[in-house]
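Q: So the chains spell out like this:
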Amino acid sequence: MAEITLVEAIRQAMDEELAHDPNAFIIGEDVGVRGGVFRSTVGLFDKYGEDRVIDSPLAELTIVGVGIGAALYGKRPICEIQFADFIFPAFNQIVSEAAKMTYRSNGEWTVPMVVRAPYGGGIGGGLYHSQSVEAFFAHVPGLKVVIPSNPYDAKGLLKAAVRDPNPVIFLEPKKGYRLIKGEVPEDEEIIVPIGPAKVSREGTDLSVFAYGMMHHYALEAAEMVAKEGLDVEVVDLRTLYPVDRETILQSIRKTSKALIVHEDNLTGGYGAEIAATIAEWGFMDLDAPVRRLAGPDVPGVPFSHPMQDWFMVNPDKIAEAIRELAAF
Amino acid sequence: MPTKVIMPKLGESVVEGTVTAWMKKENEVIEEFESLLEVTTDKVTTEVPSPAAGTILKIVAPEGETVEAGTVLAWIGEPGDEIPEGEQPPAQDHEPHETPDAESITDEPVMVRPAGRDRDLGYISPVVARLARDKNVDLDKVRGTGMDSRITKKDVLAYLKDHKGEAEIPIWETPADGDLFRPTELVFGKQKPETQPSPASSAIPGETLPLSPMRKRIAEHMVLSKHTSPHVTTVMEADLSRVMAHRAAGKAEAEARGIHLTYTAYFLAAVTAGLKAVPLANSSWTDTGIRLHRQINLGMAVAMPDGGLIVPVIRGAEELSLIGLARQVNELAERARTGKLSPDEVQGGTFTLTNHGTKGSLFATPVINQPQSGILGTGMIQKRVVVIDDAIAIRPMVYLSYTFDHRILDGASADSFLAAVVDALQNWPPA
Amino acid sequence: MTLSKEQKKEMFWMMLLSRRLDERAWVLHRQGKIAFHISGIGQEAAQVGAVYALKQGKDWLVPYYRDLAMMLVMGMTPAEFAMSLMGKAAEPTSGARQMPSHFGLKRSRVVSHSAPVATQSPHASGIGLGIKLDGKDEVVLTSIGEGSTSQGEWYEAVNFAAVHNLPVIFLVENNEYAISVPQDKQMAVSSAADKACGLGLPGVQVDGTKVFEVYEAVLEAVERARKGEGATVIEAKMYRLTPHSSDDDDRSYRSREEVEEHKKQDPILLAKEQLIAEGLLTEGEYEQLEEKAKAEVDEAVRIATEAPYPKGEDAAFPVYATQEVQHG
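Those protein sequences? They're chains A, B and C, same order as listed.
Just so you know, our numbering puts 173 at position 173 of the first sequence, and the rest follows in order with no gaps.
If you count the second sequence from 1, you need to add 328 to reach our numbering.
If you count the third sequence from 1, you need to add 759 to reach our numbering.
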C-alpha cells in the first residue's frame, strides 16, 4: 500500500491502461513532452512515445472530434481538456456527436472515449480556471459523468472509464490534486465500477450528498459536528450520470434529512437534480425540507482571496448548514 | 379500387395548402406522375404529380379551396368505380396531448386527529405523519423537540421506544372520551371532496355543432390576433353628405363604364388618405423594429355565402383613383364570392376595412388582421340629428371604429389617422 | 489506373440510378407520402467519381447528407434508402431514428453523421489518426458542402490531418449555394481548395460535373495518401439543380434562368454524351438503362411502402453501448 496524491492516482491509471490496451492513447495540449500542466501525464511520453501521448494543436474541438473519429476506428482515446473552463469549444462534438452516436446508429457505431478535465475553484484561478461544468453534461443521455473525490476512486474509476464502451466525462477536482492523499494498493488491479455511489461515513441524524472536493470537506465537517453530538452520514456520489438513486434514497430512509453540497452555482446546478429525486421518490421519508449548499449565483469564482473565500463552500459552511438542518 | 389524391404536407411547419389550379378536368385521363394540379402554401407553390394512372373520377377540392394536409382532393380510377363516401382527413401528425394518469396515492398521509384534542400539533412532516399512521401513534401525546416545538421523526421514534408495550394494546381496550355522536370530520379526519361533475358534461340540454375547418381557422386567427396585439378601439363619426352627393352624381356614369360605385370605394379612398397622412398606421410590428410599409395594400372583408369571411387585398391603393378603387372592389368581391381568388389576392395586406353595419351595428371593436397594425370598421350609415353652428341639422352619419395595435400607435397617433379619414370623407372630393 | 469500359458504364449507371431515385423522392414528397427530402441532384458525377477511387471494404467514407450517389456505390440499396425516407424500422443507418439522408452504413465503413454541419470532418481526421497509429494503408474520404467549410470544425480537421500527415481526402462538393447563401458570401477565395495551402495541404480544383475527371483527381490523392504522403483538399465545382430541400423555395433567391442555364451542364447529360461519343453506349442501351432504373426505383418504393414501422417504445434505446463492439 502506498499513500499517493489524487493526481498521481490519475497518472497511474493512464499508465496502466496504455500498457494494458495497445489501442489506448492520450491526446491533449501539453500532455506529451511537458507531461501535462498539472503533471498528470508525466513520464508517459517517454514510456509510450509520441504516437500514444499526442501533443495536440490548441483546439479543444479538434481534441474531442479527432478522439471521436479514432474511437469509431477502434481506438480508446483519452482526451485531456486542459481546464474544464475550456471544454466549451468541444461541446458540440461531445453533445451532438459522442453522446448520440450509439443511439443514432442504432448501436452500430460507438464512441469508447474519455474526456478528462480538471475542474473547480479555490486555487486562485479566477473566472476561467475555476469553473464547474458537470451540470451541462449530467443532462445528456448517452454520456456518463464521473467525479472522483479520492485517489483510490480516481484510479479505479478512470480505468473503468477507459474500458467503458461509452463516452465518459471525467472531471477531476484540481484543488485536491496534491491536497488529497490516500492509500492505494500497489500490487492489485483496481477497477471501481462506474455507477454506484458510496456511503463514506455512516450516520443517523442527516445525510450529506457530495462529490469532488466538497465530499472531502463534507467529511471534515462531519467530524467537526460529531464533537457536538451530531451523527452525520456522508455519501460520495462519484457517478453523477447515470446517478445511483437507490443509495441516495436508502440513506434518506435512514436519516430523513438531506443536505446536498456542490461548489457549482446553486441555480440549475447538479444538486437540483438530486433534490428533485429525493423530493419525488423520498417524500414520505422526509422530516425536513431538502437543503442545498452551493456556490452563489455569480458568473465566476473571483480571483482576489477574500472574494474567492466568499464564493467557495468550505467545511465551516457545511458544518453550519448541518447544524441548521439538524435543528429543524 | 380508386386512388385518392391528397393534399401534400409541403414543409415542416405547413399544415394546409390551397388548390390553385387543376391541370385536368373530371373524366379526363392522366398518366402516373403526370402533373395533376398546382397547390400553394405560404412556403411553396408546386405541381403535384398524379399518384396513379387512370381517369379523373371526381374533383373534390375546387380551385381556390384551402384544405389541411392529408385532405382528399380528387379520386382517380376506372370509369364506373365507386368512390368511398365520407373520407375523413387523416389524423394530425402531432400526438394528442396526453395527460398522465393521476396516480392513485394509496399512502397519502391522512392527518390523524383524535377526538377532543386541545392542542395544535404544529407542522407535521411527511415521515412523521406516515410513522404515526403506520404505528398507530397519537401525536397529541408526543412531545415535540424540533424547530418551533414541532414533532420530529426522532420524537416519534423516542415515543415508540418509551411506549413499546402500548402499541400492543387491543383497540377495544383503548378508552374513549364518552361523547356521543361526534361530528364525522373529527372522527374520520378531512375527507377528499366528491369530484363535482364538470360543467362540460353537465345536465343542460343542447346540441354540439361540429367545428368546420373554416370555423377552427377563424377561431385560431382571432385568438392569435388578440394575444399578439394589445387592441384599443377609438371611434369617431363622419358626416357623409358630401360623399353621398358625389356618389349620386357619379353613379350613372360609373354604371355606364360597368362599375358599381359603392360607399366601400369612398371609405377605401379615405383610409388611403389617412394612411398617407399618418404612415405609422400602415405598419407592422417586428422584433427588430416597426416596419413602415411603402405600399398601401387594403384588405376589404367580404362575407361569404357559406358564412365565412375572406379578405381580398387591393394592392397599391395609393396609386388608384376612386374609380380605380371601385373597380377593384367590384372584381375582388365577385371573385371572392365565387371562390376564384388566387393566393396572391388574399396576401400582403397592410390595412383592412370591414363593414359591420349591414344589420344595424353602429360601432364595434373589430379584431386586427395580423400582421397589420390596425383595422377600420364602418357602422350603419344613419340619418341623425347633429348640431351645426348651434342649429339642429339632419345629416347622414356613420361611426368609424378604428382598432389599433397599441404597441405601435397610441391615442394621439391613432386619432390623427382617424381624424384624417373623417376629414377626407367630410371634405369630399379631395383637392 | 485507367478505367475499363465496363467500369465507365457502371459509373454511368450508378449516376443514373441515383438520379432517378432522387427524383422519385421529390415526387413522393409532393404527393404527400414522405415528410422530407434533401437532394443530390446535379452532384452525382462528383460523388460517383470520388467513391470509385476508393477500395470497397477497406477504405472509409465520412459523407454528408447530399451523398446519395456515394451511398449507392458503397452498397446501400435503393430499398434501404426508400425505407429511410418513410421512417421504416429496417432502414440501416439508424433504425429510423434519424431523418432521411443522415447516412451511415457500418457494413461498408460509412460513418454515421448528424445534422450540425462539419462535425464529421474531425471524425475523418480521427479515423486517419487511427489508421496511421495502426500502420495500415487504408484511406478516409470525407465530403462536405462548400458552405460548411466555413465552420471551425472543418479547419480544425484539415489542420490536424495536415500536422499529422494523415491519409484523409477532404472532398468539397461546391454546388454554389448554402441554402440561399451564394459562394461569394461564404468565402473570399474563389475555391475552397484555396483554403488548403493556408493549412499546409495541396488544394485541387476539379470540374464536378465530369465524372471521370473527378475520378482521376481523387484517385491521385488516394494513392498519395496510401503511400503515406498525407492529406489533400479537393474541390469539385458543380451546381445544385434543386432547392436546398423539400422545405425550400429557391425562387426567392435565384432566377429560373440561372437554373435552366446550369441544366445544360447536367452531369448525367454530359456523361451520357461522352459515353456515346466514345462508342461505349448507344441510345438504345441508354433507353434500357432508363427502364431498368425506373423498375428498380418502383421496386424499392414498393418494398419500403410495405415494410413495417418501428414500435414507438423502441425509441427508448440504445442510449448506451453495453459491450465492446468490434470496430475496423
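Note that these hints are calculated values from the structure, not bench results.
Please note that a few of the clues may not be correct.
[To be verified] If you want a taste of the chain C side facing chain B, the calculated C-beta under 10 Å gives, among others:
1. His788
2. Asp1006
3. Pro1077
[Unchecked claim] Here are the simulated BS3-like pairs of lysine-lysine, each with C-alpha atoms no more than 27 Å apart in a straight line:
4. C:Lys1031 with B:Lys352
5. A:Lys47 with C:Lys895
6. A:Lys254 with B:Lys352
7. C:Lys865 with B:Lys332
8. A:Lys159 with C:Lys768
9. C:Lys891 with B:Lys544
10. B:Lys353 with C:Lys1070
11. C:Lys768 with B:Lys386
12. C:Lys891 with A:Lys47
13. B:Lys668 with B:Lys332
14. B:Lys711 with B:Lys687
15. C:Lys817 with C:Lys944
16. B:Lys492 with A:Lys254
17. B:Lys668 with B:Lys353
18. B:Lys352 with C:Lys768
19. B:Lys463 with A:Lys254
20. B:Lys544 with B:Lys687
21. B:Lys489 with A:Lys227
22. B:Lys492 with A:Lys198
23. B:Lys489 with B:Lys469
24. A:Lys254 with B:Lys687
25. A:Lys227 with A:Lys317
26. B:Lys544 with B:Lys579
27. C:Lys768 with C:Lys1070
28. C:Lys1031 with C:Lys768
29. C:Lys1023 with C:Lys792
30. C:Lys1070 with C:Lys1023
Computed from a prediction, not measured in an experiment: that's the story for all the values here.
No residue lacks a Cβ here, since even glycine has one placed at the ideal position from N, Cα and C.
Q: A separate judgement is required for each hint: does it hold in the structure or not?
A: We went through each hint and held it up to the structure:
no.	hint	result
1	His788	7 Å, holds
2	Asp1006	5 Å, holds
3	Pro1077	23 Å, violated
4	C:Lys1031 with B:Lys352	34 Å, violated
5	A:Lys47 with C:Lys895	23 Å, holds
6	A:Lys254 with B:Lys352	78 Å, violated
7	C:Lys865 with B:Lys332	39 Å, violated
8	A:Lys159 with C:Lys768	54 Å, violated
9	C:Lys891 with B:Lys544	63 Å, violated
10	B:Lys353 with C:Lys1070	42 Å, violated
11	C:Lys768 with B:Lys386	46 Å, violated
12	C:Lys891 with A:Lys47	19 Å, holds
13	B:Lys668 with B:Lys332	24 Å, holds
14	B:Lys711 with B:Lys687	15 Å, holds
15	C:Lys817 with C:Lys944	38 Å, violated
16	B:Lys492 with A:Lys254	20 Å, holds
17	B:Lys668 with B:Lys353	16 Å, holds
18	B:Lys352 with C:Lys768	40 Å, violated
19	B:Lys463 with A:Lys254	17 Å, holds
20	B:Lys544 with B:Lys687	25 Å, holds
21	B:Lys489 with A:Lys227	25 Å, holds
22	B:Lys492 with A:Lys198	34 Å, violated
23	B:Lys489 with B:Lys469	13 Å, holds
24	A:Lys254 with B:Lys687	76 Å, violated
25	A:Lys227 with A:Lys317	16 Å, holds
26	B:Lys544 with B:Lys579	40 Å, violated
27	C:Lys768 with C:Lys1070	42 Å, violated
28	C:Lys1031 with C:Lys768	9 Å, holds
29	C:Lys1023 with C:Lys792	31 Å, violated
30	C:Lys1070 with C:Lys1023	46 Å, violated
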